[in-house]
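J.: For reference, the chains in residue letters:
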Amino acid sequence: MTTVVKPRVGWGDLLWVAWRTHRTAILAMTGLTAAVVAGVFVLMGMTDTELGGLPAIYFRLFWQPQDTNLLFGAVIAVFWGAPLVAREHEARTNLLAWGQDVPATRWLAGQVVLLGAVATCLAAMVWMSEQYMVDTMRELSEGRTFTPFTTWYEVAPHLQIGYALFGLALGLAAGVLVRRTLPAMGIALVGFGVVRVAVIEWARPYLRPPVHTFEAWNADYKNQVPDYAMYVGSGYADANGVRIDYQGSWGCGDRVGSAGQLDCLKANGVAGHFAEFQPLERLGLFQWIETGIFVVLAAALLALAWAGVKRARRV
Amino acid sequence: MVEFRIDKASGLPAYLQLARQVREALRLGWLKPGDRLPTVRDVVASSGVNANTVLKAYRELERAGLLEARQGSGTFVKAALGSVDPEVMERVRGKLVDWVGEARGAGLENEDIDALVGSVLAEGERNEVP
Amino acid sequence: MTTAVVGTAGIAVRGLGKRYGKSVALEDCTFDLPEGRVAALVGANGAGKTTLLTVLSGLLRPDAGEFALRPDERVAFVSQEKPVYKHFTPKEMLRLGARLNLVWDQARAEAWLKRFDVPLDRRCGKLSGGQRTQVALAVAIGSRPTLLLLDEPLADLDPLARTEVTRELLAEVADSGTTVVLSTHIVTELAGVADHLLLLAHGKLLAGGDLDELLAAHVMVVGPRADEPPVEGEVLWDRHLDGQSLFLVKTPSTPAVSAPWVVRPVTLEDYVLAQLSITRKGDSA
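Chains as they are written, first to last, in the numbering used here: chain A, 461 to 775; chain B, 37 to 166; chain C, 692 to 976.
The shape of chain A in the complex, shown without the other chains (with noise of 0.2 Å):
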């Protein structure tokens, strides 16, 4: 008998299976991440004299860090997550693929299991190019590039690995839902830039409730937000410090002089100044709130594509 029995289709097996249909975007995808990583190397070296110094790719090429990530996110979104399954519709492969003697859950969680494990190298390697970019630029500039809650901020490798966890999922879960590949990648290129930019603006600043500073009127006007913090806001306070909205019927604008502007402001109620910042030594802690919101992402959508693989409504 020739006919071979095993007890279990191992981890082996569904690795094996993801690598061979994953072989050629896999190998695309290092090389093209090993490339700009490279590439950032060499013109982290290539200094300008007229920019005093600094490195060339920062000022020319209007290079953040930052960016390199956010695309990197994106295209693993796009490229790997998108047409995992969405593909496997398209072609009806998964009538074959799910069809063996495994559950379509299993043979996803190969999938997703080497996909990820790759991504997570991919993201380290980025984070190590945009490491050296900052310490680079801090060094060249004596610190005036350091900018830690935007510059710095997502220099972080769990975060960069996070990030692009949260594009493989949301890609795949995407092409689960829609089951074609062009749609699925549209989805998840939008929905990437979306949700990144949606935490960025209105989740980032308010991770933790920020400190809250007050400063009533003096001669001086004091700077109350401290350097490297992140600015969350700032305006007229009353008395206890409590936020107060300029009202366009108290005709401040109008009075002559600093002196009756004030007056005006103070017979309103006006009290001071208050700010509101993120301290520096939150950085950290920051860092890994937002890690683990996309983790969490990551997950649900993960949860949603295997909901959606499993003995489907329709094939």
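Because the hints were derived from the structure by calculation, they are not lab data.
Only a predicted model underlies this, so the values are computations on that prediction, with no experimental measurement involved.
Careful: at least some of the hints might be erroneous.
Said to hold, decoys possible - SDA-like cross-link-like pairs, simulated, lysine to any residue; straight-line CA separation at most 25 Å:
#1 C:Lys777 / A:Arg480
#2 C:Lys941 / B:Ala45
#3 B:Lys44 / C:Thr854
#4 B:Lys131 / C:Arg705
#5 B:Lys44 / C:Gly868
#6 C:Lys941 / C:Leu967
#7 B:Lys44 / C:Gly899
#8 A:Lys770 / C:Arg705
#9 B:Lys44 / C:Ala846
#10 C:Lys817 / A:Val685
#11 B:Lys44 / C:Arg858
#12 C:Lys777 / A:Trp479
#13 C:Lys805 / B:Asp78
What the hints assert, rightly or not - One side of the interface only, derived from the structure: several residues of chain B facing chain C at Cβ under 10 Å:
#14 Ser46
#15 Arg77
#16 Val80
#17 Thr89
#18 Gln107
As the list claims (entries may be wrong) - A few chain C residues that don't get close to chain B, going by computed Cβ distances all over 12 Å:
#19 Gly708
#20 Asp719
#21 Gly820
#22 Asp929
#23 Arg930
Just so you know, even glycine gets a beta-carbon here, dropped at the ideal spot from N, CA and C.
Use these hints to put chains B and C onto chain A, whose structure you have.
T.: Coordinates of chains B and C only, in the frame set by chain A:
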């Protein structure tokens, strides 16, 4: 060894076609008592009929006492189908000659006679269905 | 879903139903298929053949009813698209089969590809439609299933290959005792191939059972033009030409008729066409 052929357009069930071909082989002396019949797999592979059909045909012939299945070694011819007594043959033939004469007299052509004989034979076969 | 259904059947199907939006793909489908049978699933396009096979394969969830397979049943399903990965070679497709199945017979799978002259090292995308079909079948055969579901397995094959594939498939399942359900609309090639019939129309099972028994329970009565046949029994179908009438009659034994009437045995084609034309009439009524 016998080679089986299935006429797919015939209304006769495939297992009856097989059984009939074994009977023919016995009658013509291609198969003799003690001969081994092709295995089910061989028949399936050579004639493209389903294994259950072959089994059914063999069982049919076993029940008729013509074949016997020996555990583990195959299916064998048990009894010969004797050729018909020449006297009886002659008598039947005579009747047929008369009948064909009558049919021709009624204006039936050879094809009509074939069709008629075929339909009567098919009826007979159908009645063999258990 | 596949909870216990009483019966000794290899497959026991009870009240299976499936709809896509408003259109009914399968409705109240109930039948038993004993183990080791080769069942032909016959019906017009859109009759629900693919839906039934996909549900039995476990890939599609039915809306109603249930079905039970043997507890240790291993199902292989070859869908009508005969899907293969285009960037895999046939050899790699077999490797995929070996990896994803608990039981695998490499020699059988390879022999199948050699038998049909499929090059092992050319990408599947460069193979002909017929060759891709052979690759999909080889993967199914290599996995040594106990239940083999084939959706239009012969559709992309030329007549010679069709005969050979049928023959080889039957030989494979004869060796292993595999139960087979194969859908087709080429009824003429089923005689001797299938021993069980499942006839579907508009998602409903019109007839099901042992093929020989079904056909033996009917006769075709042919004679001069008449409104009724000269025999007892339920007339399932009739057709009237200029000078001739045909009646498909359900009757337990062959009735005696006198000239010019004749009684012919019913072929599978007669039976299927008659059954299908009944449903068509029913629809227009």
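J.: For every hint, state whether the structure bears it out.
T.: Right, here's what the structure says about each hint:
no. : hint                : in the structure
1   : C:Lys777 / A:Arg480 : holds, 12 Å
2   : C:Lys941 / B:Ala45  : holds, 20 Å
3   : B:Lys44 / C:Thr854  : holds, 12 Å
4   : B:Lys131 / C:Arg705 : violated, 57 Å
5   : B:Lys44 / C:Gly868  : holds, 24 Å
6   : C:Lys941 / C:Leu967 : holds, 16 Å
7   : B:Lys44 / C:Gly899  : holds, 20 Å
8   : A:Lys770 / C:Arg705 : holds, 23 Å
9   : B:Lys44 / C:Ala846  : holds, 18 Å
10  : C:Lys817 / A:Val685 : violated, 66 Å
11  : B:Lys44 / C:Arg858  : holds, 14 Å
12  : C:Lys777 / A:Trp479 : holds, 15 Å
13  : C:Lys805 / B:Asp78  : holds, 20 Å
14  : Ser46               : holds, 7 Å
15  : Arg77               : holds, 5 Å
16  : Val80               : holds, 4 Å
17  : Thr89               : holds, 6 Å
18  : Gln107              : violated, 17 Å
19  : Gly708              : holds, 30 Å
20  : Asp719              : holds, 28 Å
21  : Gly820              : holds, 22 Å
22  : Asp929              : holds, 18 Å
23  : Arg930              : holds, 16 Å
Checked against the numbered hints listed earlier, the structure breaks hints 4, 10 and 18; every other hint is satisfied.
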